[in-house]
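A.B. asks: Could you slot chain Z onto chain L? The hints should help.
2 protein chains.
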Amino acid sequence: MEGIGIVGAGIAGLHLGLLLRKHDVPATIYSDRTTEQLGGGRMLNSVAHHHATIEREQALGVDHWAGEEYQYFGHHHYLGGGPEPLVFPGFFKAPSRAIDYRIYLPTLLQDFVARGGEFEVRPVQAADVLKLSERHDLVVIASGRGNMSAMFPRRADKSPYDIPQRKLCVGLYEGVAPSEPRGVTMSVAAGHGELLEIPIYSAAGHVTALLFENVPGGDLELLAEIKYDEDPAGFEKTILDKARQYHPATFERIDPAKFRLTSPLDLLQGAVLPSVREDYTRLPNGRYVVAVGDAHVVVDPVIGQGANCASYSAWELGQAIIDDPNFDERFCQKVADRRRNRVHATSDWTNLMIRTPPPPHLPQLFLGMAQNQAVADEFTENFSYPDLQWDNLATPERVNSHLARHGMS
Amino acid sequence: MEGIGIVGAGIAGLHLGLLLRKHDVPATIYSDRTTEQLGGGRMLNSVAHHHATIEREQALGVDHWAGEEYQYFGHHHYLGGGPEPLVFPGFFKAPSRAIDYRIYLPTLLQDFVARGGEFEVRPVQAADVLKLSERHDLVVIASGRGNMSAMFPRRADKSPYDIPQRKLCVGLYEGVAPSEPRGVTMSVAAGHGELLEIPIYSAAGHVTALLFENVPGGDLELLAEIKYDEDPAGFEKTILDKARQYHPATFERIDPAKFRLTSPLDLLQGAVLPSVREDYTRLPNGRYVVAVGDAHVVVDPVIGQGANCASYSAWELGQAIIDDPNFDERFCQKVADRRRNRVHATSDWTNLMIRTPPPPHLPQLFLGMAQNQAVADEFTENFSYPDLQWDNLATPERVNSHLARHGMS
Numbered sequence: 332m333e334g335i336g337i338v339g340a341g342i343a344g345l346h347l348g349l350l351l352r353k354h355d356v357p358a359t360i361y362s363d364r365t366t367e368q369l370g371g372g373r374m375l376n377s378v379a380h381h382h383a384t385i386e387r388e389q390a391l392g393v394d395h396w397a398g399e400e401y402q403y404f405g406h407h408h409y410l411g412g413g414p415e416p417l418v419f420p421g422f423f424k425a426p427s428r429a430i431d432y433r434i435y436l437p438t439l440l441q442d443f444v445a446r447g448g449e450f451e452v453r454p455v456q457a458a459d460v461l462k463l464s465e466r467h468d469l470v471v472i473a474s475g476r477g478n479m480s481a482m483f484p485r486r487a488d489k490s491p492y493d494i495p496q497r498k499l500c501v502g503l504y505e506g507v508a509p510s511e512p513r514g515v516t517m518s519v520a521a522g523h524g525e526l527l528e529i530p531i532y533s534a535a536g537h538v539t540a541l542l543f544e545n546v547p548g549g550d551l552e553l554l555a556e557i558k559y560d561e562d563p564a565g566f567e568k569t570i571l572d573k574a575r576q577y578h579p580a581t582f583e584r585i586d587p588a589k590f591r592l593t594s595p596l597d598l599l600q601g602a603v604l605p606s607v608r609e610d611y612t613r614l615p616n617g618r619y620v621v622a623v624g625d626a627h628v629v630v631d632p633v634i635g636q637g638a639n640c641a642s643y644s645a646w647e648l649g650q651a652i653i654d655d656p657n658f659d660e661r662f663c664q665k666v667a668d669r670r671r672n673r674v675h676a677t678s679d680w681t682n683l684m685i686r687t688p689p690p691p692h693l694p695q696l697f698l699g700m701a702q703n704q705a706v707a708d709e710f711t712e713n714f715s716y717p718d719l720q721w722d723n724l725a726t727p728e729r730v731n732s733h734l735a736r737h738g739m740s
Numbered sequence: 332m333e334g335i336g337i338v339g340a341g342i343a344g345l346h347l348g349l350l351l352r353k354h355d356v357p358a359t360i361y362s363d364r365t366t367e368q369l370g371g372g373r374m375l376n377s378v379a380h381h382h383a384t385i386e387r388e389q390a391l392g393v394d395h396w397a398g399e400e401y402q403y404f405g406h407h408h409y410l411g412g413g414p415e416p417l418v419f420p421g422f423f424k425a426p427s428r429a430i431d432y433r434i435y436l437p438t439l440l441q442d443f444v445a446r447g448g449e450f451e452v453r454p455v456q457a458a459d460v461l462k463l464s465e466r467h468d469l470v471v472i473a474s475g476r477g478n479m480s481a482m483f484p485r486r487a488d489k490s491p492y493d494i495p496q497r498k499l500c501v502g503l504y505e506g507v508a509p510s511e512p513r514g515v516t517m518s519v520a521a522g523h524g525e526l527l528e529i530p531i532y533s534a535a536g537h538v539t540a541l542l543f544e545n546v547p548g549g550d551l552e553l554l555a556e557i558k559y560d561e562d563p564a565g566f567e568k569t570i571l572d573k574a575r576q577y578h579p580a581t582f583e584r585i586d587p588a589k590f591r592l593t594s595p596l597d598l599l600q601g602a603v604l605p606s607v608r609e610d611y612t613r614l615p616n617g618r619y620v621v622a623v624g625d626a627h628v629v630v631d632p633v634i635g636q637g638a639n640c641a642s643y644s645a646w647e648l649g650q651a652i653i654d655d656p657n658f659d660e661r662f663c664q665k666v667a668d669r670r671r672n673r674v675h676a677t678s679d680w681t682n683l684m685i686r687t688p689p690p691p692h693l694p695q696l697f698l699g700m701a702q703n704q705a706v707a708d709e710f711t712e713n714f715s716y717p718d719l720q721w722d723n724l725a726t727p728e729r730v731n732s733h734l735a736r737h738g739m740s
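Top line first, the protein sequences correspond to chains L and Z. Here the working numbering is used: the first residue of the first sequence is 332, the next is one more, and so on. Here the working numbering is used: the first residue of the second sequence is 332, the next is one more, and so on.
Excised from the complex, chain L in its bound form:
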């Protein structure tokens, strides 16, 4: 038997593989893409890593982007829809950063291989997992691609939506001046969706990701459908027009003369169906397979939690492997227990943020944030701790109790 087999070379697979190698556990990552394919091609996401994730990167020795130039320090909120927009910042206790995954993933894959990890380029389908399970002590599914997720039943009790709640359009752009201090701008156009404006490092240098999260049926839904390749100038003009009308806090920093997509491949359009799946499954041969990352939980990217959650979940799984390498149902249940609170909170929080219309306690909290910097900072800091965020946000009573602790009863 050859240690741990990991299907998927995303952040979950790589952080798990690197943690295992740090403890001299043999690990093999399977991917259907070569390092070159991971590094080229269409953009994968626009994810930021928050400091809890960066601390794991430091522990793994893969903190390659420690410089201040990569950092940002908090969130600039622009909440439209009321008589006056609510405009206020919130600050982290330690900075976040966003690195294009076409740079990030190949770099960590090189680290993994340099540290004795095995990397095999081969497409793995659900039907192949039984055979893999005979080769490895444990197989971990760290990819939601293709039909892999379907191995793990979707949990109706934790998956409130049957269709995607946002139509997405994310691209990398030049011509957007950074916010001051450097941060992510979270702009909400009530009834139409959100714009996340993210300072990100890509092959084009320090550029800006604009992630339009558009409510189906709203005025910005078309952004997920118009074709850049058919009319680049028209696409960019539509983006500008919609930003001007619905997301002015970002638009005011755009120089239309310089505004352009950095490359035709630096654009991703689509939609995500949020899903929480079972933690593990039992194969016909009696062996267990554990899900991590997108194979386990898919969240809408509106608050950028997917990758951070995948890293956390991989870390907990890796610690469990190191603590108790007996890969039976007890092992799987312990993994589920140790990651449940934060992982489910990530999903619950994200699902609340994309509910239409928002439940009243969400704008109530936003109003509290606008009025009290400590409340805004706690919300912002808790992008590293979704379980603590959910403690403050899960119910109207919890929002009341949270605001009361800040003297706002």
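One thing to keep in mind: the hints can contain errors.
Given that identical chains are not distinguished, each listed pair holds provided it fits within a single copy or across any two copies.
Stated by the list, open to error - No more than 20 Å apart at the CA atoms, straight line, and that leaves these computed lysine to aspartate or glutamate pairs for DMTMM-like: (1) Lys665 with Glu728; (2) Lys568 with Glu583; (3) Lys489 with Asp659; (4) Lys558 with Asp572; (5) Lys665 with Asp468; (6) Lys353 with Asp394; (7) Lys424 with Asp718; (8) Lys489 with Asp668; (9) Lys665 with Glu556; (10) Lys353 with Glu556; (11) Lys568 with Asp550.
Hints in this document: simulated from the structure, not taken from any laboratory.
C.D. replies: For chain Z alone, coordinates are given in the frame of chain L:
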């Protein structure tokens, strides 16, 4: 609202109350017995506290029995039933101690009151809990007495037995010379049950608890039924006769001329039905009530885990209260998540130890302990960590893997 209401003045209620007071959380303990009644009357148990529990006592500032005279250092095993008995010791990393609860509980109750805790002597029945819930932010049931446990449904999936598996007879005795080094003797008479011989501090000084755990239908079952009060000398003679025949490792240190029960009240006979119950329940008014200690999980005393588990569970509950005082279902689920592994492992391990006949991997492990001091020491140390014990013991495969790690494959 007056903080936390705790029903029950056993170790779970007291450790919880003391932890809350340490953090200035208002707490009220309800008991149907006065301090004097707790301190007088029939003996309550013969429980030892292992070092994980003692560390909590140190943190709570109630480590009143720190002297070496109270300590013992490990277990002396005598496993009969084979051609030759297996006789070997196992050692803790830090000592354990047993204090008569008629001394222990009143002392901690005084500490609780001296630190601002409220103590109310009043009988509380399940029907009274609704009213209590209107008085306190949260009500905790820390007593399995009367009908309190029935508020929390018994979990069939974690409660394998429908009737008690041992008939119990525990008493405090003079005339038993301590083992060397001082320890608990665990004697197994295959098919008939166990004797736990425990150095314990009571009102009579440093004496010996003999806890006979007798298999129903076996040769020692009568020990749970014969009446001391009707014939003290005959009772003591029967104890001696059974010890001579079935538990010789203890009998050889008994001086029959000095052997006597220290008091007619220093005897407890009966039986325990092992049960795991739900962690919490929802009252008709929408408020939640949490179970801890015997109200949550009852284990047979054969490995002395009940009180240690109750203390651990109270500690986790107390930390959860301090971390997030929003007493809704999310709170209850977080409590369940954080204590599940160790609490369920305590129950699963205990239930394995009293299965008749024992599954083959249990004597396999005992043989490994007899052959390898490190295996015996790990088993003994894990009386503080039942979750780690269960990692080694849950299945035949886990026992094999555990022994293999000790070079015994």
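A.B. asks: Look at each hint and say if it fits the structure.
C.D. replies: Against the structure, the hints come out as follows:
1. Lys665 with Glu728: between (31 Å within a copy, 17 Å between copies)
2. Lys568 with Glu583: within (15 Å within a copy, 95 Å between copies)
3. Lys489 with Asp659: between (25 Å within a copy, 18 Å between copies)
4. Lys558 with Asp572: within (16 Å within a copy, 93 Å between copies)
5. Lys665 with Asp468: Close inside one copy (17 Å), not across copies (31 Å); limit 20 Å.
6. Lys353 with Asp394: within (15 Å within a copy, 40 Å between copies)
7. Lys424 with Asp718: Only inside one copy: Lys424 and Asp718 sit 17 Å apart there, 35 Å across copies, limit 20 Å.
8. Lys489 with Asp668: both (16 Å within a copy, 16 Å between copies)
9. Lys665 with Glu556: Neither. Shortest intra-copy (43 Å) and inter-copy (42 Å) distances fail the 20 Å Cα cut-off.
10. Lys353 with Glu556: Neither way: Lys353 and Glu556 sit 44 Å apart in one copy and 59 Å across, limit 20 Å.
11. Lys568 with Asp550: Within. Shortest intra-copy distance 15 Å satisfies the 20 Å Cα cut-off; inter-copy 92 Å does not.
In this structure, the hints that do not hold are numbers 9 and 10, in rising order.
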